[in-house]
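Visitor: When you get a sec, could you build the whole thing from the sequences and use the hints?
Protein sequences, first through last, are from chains Z and L.
The opening position of the first sequence corresponds to residue 10 in our numbering, with each subsequent residue numbered one higher.
The opening position of the second sequence corresponds to residue 81 in our numbering, with each subsequent residue numbered one higher.
Read the hints as simulated data drawn from the structure, not as lab findings.
Built from N, CA and C at the ideal position, the CB exists for glycine as well.
Warning: the hint list may mix true and false statements.
Unchecked claim - Computed beta-carbon distance windows for the label pairs: (1) Z:60 x L:167: 40 to 46 angstroms; (2) Z:13 x L:164: 27 to 33 angstroms; (3) L:143 x Z:67: 44 to 50 angstroms; (4) L:90 x Z:26: 34 to 40 angstroms; (5) L:88 x Z:34: 37 to 43 angstroms; (6) L:146 x Z:58: 32 to 38 angstroms.
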Amino acid sequence: QQPVQSPQAVILREGEDAVINCSSSKALYSVHWYRQKHGEAPVFLMILLKGGEQKGHDKISASFNEKKQQSSLYLTASQLSYSGTYFCGTQVGSSNTGKLIFGQGTTLQVKP
Amino acid sequence: DAGVIQSPRHEVTEMGQEVTLRCKPISGHNSLFWYRQTMMRGLELLIYFNNNVPIDDSGMPEDRFSAKMPNASFSTLKIQPSEPRDSAVYFCASRAGGPTDTQYFGPGTRLTVL
Chain Z
10 QQPVQSPQAV ILREGEDAVI NCSSSKALYS VHWYRQKHGE APVFLMILLK
60 GGEQKGHDKI SASFNEKKQQ SSLYLTASQL SYSGTYFCGT QVGSSNTGKL
110 IFGQGTTLQV KP
Chain L
81 DAGVIQSPRH EVTEMGQEVT LRCKPISGHN SLFWYRQTMM RGLELLIYFN
131 NNVPIDDSGM PEDRFSAKMP NASFSTLKIQ PSEPRDSAVY FCASRAGGPT
181 DTQYFGPGTR LTVL
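Guide: What follows is the structure, encoded as structure tokens:
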């Protein structure tokens with residue numbers, strides 16, 4: 010039931026782009042993206058709802074493909090501050106399901 | 081707003097001892113979540129409450145773990161007796177509204193059981 014994230018790790022140079030995928034074998038109602046820096050708590054980035062919408066702020070955006078039960082996080086022109094571990098949290102089944110199941114995380118390292 | 085508050089931030093104890101972790105959610109939030117994070121298992125949901133009532137405790141590993149939420153501003157996660165495999169970072173998170181609202185995480189408690 011845990012969603013699968015890919016890749017597990019990625020190393021970038023400043024200014025490069027990255028895509029992180031989150032796939033589920035179950036029907037998704039929403040996908041929540043978080044970033045966690047070492048030794049800190051996960052910090053919310055954005056929520057994607059069923060319906061295939063795409064969201065974004067600054068140079069980070071995400072999409073939700075309902076047919077594929079997959080969400081992708083796009084990081085454009087990466088900055089050093091983007092380094093950390095990215096988690097997707099999936100809400101499975103219905104709008105009333107209260108809990109999120111998190112993927113195993115994707116570690117992103119941005120180098121100067 | 082102060083955010084989610086957890087205490088202690090670090091706890092070192094010996095196997096067999098009782099451990100109590102504490103959480104104060106953001107004021108006005110009606111849902112509270114306890115997570116455990118380890119390298120091997122990632123971020124796991126242990127239990128969550130809605131309006132102080134436990135809704136889903138299917139992630140609680142075994143009877144040694146228990147959680148309570150006596151009021152809207154306080155929750156505890158207790159491990160008795162503790163074991164070395166319980167060593168992890170335990171996060172508390174709270175949420176204001178429904179399932180599609182944001183969960184805000186506390187800073188976590190790093191538990192080491194020797």
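Visitor: Against this structure, judge whether each hint is valid.
Guide: Hints, one by one, checked against the model:
1. Z:60 x L:167: 40 to 46 angstroms: For residue 60 of chain Z and residue 167 of chain L the Cβ distance comes to about 41 angstroms; the hint holds.
2. Z:13 x L:164: 27 to 33 angstroms: Holds, since residue 13 of chain Z and residue 164 of chain L (Cβ atoms, about 29 angstroms apart) stay within the stated range.
3. L:143 x Z:67: 44 to 50 angstroms: holds (46 angstroms)
4. L:90 x Z:26: 34 to 40 angstroms: Once the Cβ atoms are compared, 38 angstroms apart, the range 34 to 40 angstroms for residue 26 of chain Z and residue 90 of chain L holds.
5. L:88 x Z:34: 37 to 43 angstroms: Given a distance of about 38 angstroms, which is inside 37 to 43 angstroms, the answer is holds.
6. L:146 x Z:58: 32 to 38 angstroms: holds (34 angstroms)
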